[in-house]
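J.: Spelled out from the first residue to the last, the chains are:
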Amino acid sequence: MNVLRVAKIVFGGATIFFLVAPLIAILPLAFTDSVFLNYPIPRYSTRWFVELFTAGVWQRSIVNSLVIGSGTTVLATVLGTVGALGLRDRQLSPVLAIIKTIFLLPMVVPAVVLGVGMQLMFARYGLTNTYLGVIIAHTVVAVPFVVVNVLAVIQGIDRRLEQAAASLGAAPITVLRQVTLPLALPGIISGAVFAFATSLDEVVLTLFVAGPNQRTLARQMFSTIRENISPAIAAAAFVFIVGTILIAIVLNLSRRTKATAV
Amino acid sequence: MSNPFIRLEEVSKSFGALTVVEGLNLEIGKGEFISLLGPSGSGKTTILMMLAGFENPSHGTIWAGGRRIDCLPPHKRNMGVVFQNYALFPHMSVSENVAFPLKMRGFSRTEMNGRVGKALDMVQLGALADRRPSQLSGGQQQRVALARALIFEPEVVLMDEPLGALDKQLREQMQLDIRELHRRLELTIVFVTHDQSEALTMSDRIAIFNGGKIEQIGTPTNIYDHPSTQFVAEFIGETNLVRGSVQGTEGLTTRVQLQSGQEVLVELGSNRLPKGNVCLSIRPERIKVGRGKISGNIITAVISDVVYHGDHLRLIAKTDGQSIVVKTDRSQPALSIGEEVQLFFLPTDCWVVGP
Amino acid sequence: MNRSELNKRLVSLMLVGPLFLFLVLFFAVPLVSMMKSAVSDPVAAEVLPATARAVSGWDRSSPPSDEMKAALVADLRQIGEDQLFGDLVRRLNSAKSGFRTLMPKTRAAALEAGGNIDLVALDRRWADPSYWQAVTVATSSTITDRNLLAAVDLQRDASNTIVALPPDASANKAIMIRTFVMSLTVTLACVLIGLPFAMITASVDGWKRQLLLGAVLLPLWTSLLVRTAAWFILLQDRGPINSMLTYLGIISAPLPLIFNRTGVIIAMTHVLLPFMVLPIFSVLIGIPKNLMPAAASLGAHPVRAFLSVLLPLSLRGVVSGALLVFMSALGYYITPALIGGAKDQMISSVIAYYATGAANWGMAGALGLVLLAATMILYAIYLRLSSDREARP
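Those protein sequence lines, which keep their order, are chains G, E and P.
Residue 887 in my numbering sits at position 251 of the first sequence; the count goes up by one each step and never skips.
Residue 77 in my numbering sits at position 71 of the second sequence; the count goes up by one each step and never skips.
Residue 313 in my numbering sits at position 321 of the third sequence; the count goes up by one each step and never skips.
So here's chain G without its partners, still in its complex pose (with noise of 0.2 Å):
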């Protein structure tokens, strides 16, 4: 029995290991002197954050990233807010239970099948190469998680509230107002979280239907990793690291917030 107990040990450590270890190991290099991504760091500094948030391409992406992510949270959260309102019944008929379908799909549809169809059919109404298309385009596959996310909470909301809300002299549009919305909430933010993050990852797409002036920071990324390397690769994986764990505690903390005070 003990070796059982032993050999669950190191092989829960070891899986634990190739899971987190890469995603830690490259954070110190972000702070490397050097131009290269290697141990030992020579000496300590900040220059590749500079780099980062200074250079020109680096700078650009960003402010683009920021845009795009902020266009298709609203847009995604939006769509995919209304659409959730529309599915909220535990016993879909077969014609929405195909709708429910239809808007998880583009989750499961390859990204590079999705970018050469959009790439064709963006060019003929002039979408390529605008930051309007790129929105459409990571709009598409993050509104899917929108709908995951608000669909969890809303099937929870007891209808009985609305009822009350009803019987107490609320209309129907005050009803989604008052008691709806503001009970979905929690689920609309994980959901817009998301799509932001959806959007700021998104490469695919981007490839397909961005032109250089819409080139986000997912995007510098891979052309970084693949034409020159260089340690701001490490210098913006830490900032995503860093803002993915931001991200997590502050959902986290809301959830709970939330749970003590209903």
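By construction, these hints were calculated from the structure, which means they are not laboratory data.
A portion of the hints provided could be inaccurate.
Claimed, not checked - Partner residues are not named here, just some residues of chain E that face chain G (Cβ under 10 Å, in silico):
no., residue
1, H81
2, R83
3, M85
4, V88
5, L94
6, M98
7, P107
8, R154
9, P160
10, R177
All C-beta atoms, glycine included, are put in the ideal place defined by N, C-alpha and C.
Take the given structure of chain G and dock chains E and P to it, following the hints.
T.: Then chains E and P, alone, in the frame of chain G:
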């Protein structure tokens, strides 16, 4: 009823192939406290949902205050609803919850504050106005729900098993509180419950539901003393059902021979004269045990069990295979199992509940 | 169905309407465009209308007529946009190589000199019927199965029967097999690591379970690009892994870890492992805790109990997880593109190459169609399995 406030006419409701309410007619007077009582699935909650407007009748019409309301959406019906789980808005404070209907009706802030304060005082929750519902006990939440449903002075208050989630002591307190509010504010209350004692204590009238239809409707006394069917007799209170056949009638008194061969007199005090086979209902507390001679019916039986209940004793007596339960106070001289006793009851305490 | 029910459905449809329209427009239409591009090729017929008419009566073997040549020159003079001309060249060149140099030369000559020009004198290739055959094929039809055939290394020969492409002309079949093998390898690696890991996670609780789950969720939450970048940095010849091994004296020369199959498999396993662990874990925690003690109390040896109770029950999670991982792996682009060498590119990379590099939309579409079909079939199986699970009590 000469001038009913609420009238349901031939109302039916079905969900797919399942008919939940069938051809229902019901009239409710202004200021009346009526309970809809029945087992789960009997259609009583569906009626309430149709009155509130959360469900639409498949057939039939509903009137309230001279208006036809079955086509109105819930927010235009002006009915207060109290839900079993209270349905308080978790994202609003107690006072925001109570102010909600006033806000919907465009009250000014000052008037709103005044009314909310009064309403919360009425349910003794003035001190908790800024709390969230989740910070309140079940009984407090129930009182907030009550205040919220009453503050806009609705024409009718609908209550869907509002006390079901409370413990026994709190429930009895709330029953008294609601009765008091009903009297003081002259409310019209439709109260759905599956708890028969709650219905008996609170209501002006009770409608007993079974399988989507009203089995009997009447005052608590009327329903308890004169159940019209076997279902009602068994559902309301405890009873002994005894079968027999009618031997003859003299005036208002009917002679019934029980299956055991013993004969009893039944006085219905009405024009209902049964014939053939009948089922009699005799309430356990109306039966006396003794050896002396008392007027009325006498059945000879053998004690098979004596159960101690604190404030009363319960005797199980057997006569020819049939069990008869007798509720008696503790002044009853001690009886032992196997002892033969005579059970007495008045002809007016028997009631025919069916064939 | 009564009025209120109808109303409710109407409201539902109105709510899902905007997103539905959005996805039809920007998700379905692009996919359809991609599929259409796989089977359509109208450019030659549109750009060379006179030539199309002229070659329609040709027997495809005799020397090209003057009428055909004149029509071609006339058509070439009509072409205004360079973009369109480029598409035409690409189309013709894909039917027969050589047009890439021949066409610009011919067009320049046609635009320079007015009147008739001697094409054969300009370039001897115009005397070769095989070039005219390519023109005929390209102009005669807007629908073609050429791309779909080429996607699986087939073609139609001069007599229009389907034959295999010469082995050096295309490698699509090899790439599909490679994609399949690599995805399968990654899936297997994920099962081998993920199943025991999920079992360990389900067998502990408290902070231990939180730690194990956190280790799975952290990478899942981290940017895919960052994870790939991390592996890129780690696997370099002079990266942390090789430096460490050299430092420890285990190796003297750096192990080749990047730009090869090993690196891609390691990085993809890392990226996709959470998709294996989470479904298995969710199945496992649904299994009553007392099942193993129950088996033990009935006299089963722990190993026996594991094999006959826990393993079969967790199998459904394994199948779901494997489908998810395999399906995602099939379409992977970023990781192989950055960490793999030329011999490790999967089908997505080839599609991207055809679309952005070679501007050959037909081939991109055809290969895309193959990938899309494979993914959708796997997804349908996955949905079927998971809805089965929901249906069961």
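J.: Evaluate each hint against the coordinates.
T.: Evaluation of the provided hints:
1. This hint holds: H81 (chain E) has a C-beta 5 Å from the nearest C-beta of chain G, less than the 10 Å allowed.
2. With 10 Å as the threshold, the beta carbon of R83 (chain E) comes within range of chain G, its nearest partner Cβ sitting at about 7 Å, so the hint holds.
3. Checking M85 (chain E) against chain G: minimum C-beta separation of about 6 Å stays under 10 Å; hint holds.
4. Against a cut-off of 10 Å between C-beta atoms, the interface hint on V88 (chain E) holds, since the closest Cβ of chain G lies about 9 Å away.
5. Hint on L94 (chain E) holds. Least Cβ distance to chain G is approximately 8 Å, under the 10 Å limit.
6. For the restraint placing M98 (chain E) at the interface with chain G, the shortest Cβ-Cβ distance is roughly 9 Å, inside the 10 Å limit, so the hint holds.
7. Evaluation of the P107 (chain E) hint against chain G yields a held restraint, the C-beta minimum of about 4 Å falling below 10 Å.
8. Residue-level restraint check for R154 (chain E) holds (minimum Cβ-Cβ distance to chain G is 7 Å; threshold 10 Å).
9. Interface restraint check for P160 (chain E): the shortest CB-CB distance to chain G comes to about 9 Å, inside 10 Å, so the restraint holds.
10. With a cut of 10 Å, the hint placing R177 (chain E) at the interface with chain G is violated, because the nearest CB-to-CB distance is about 20 Å.
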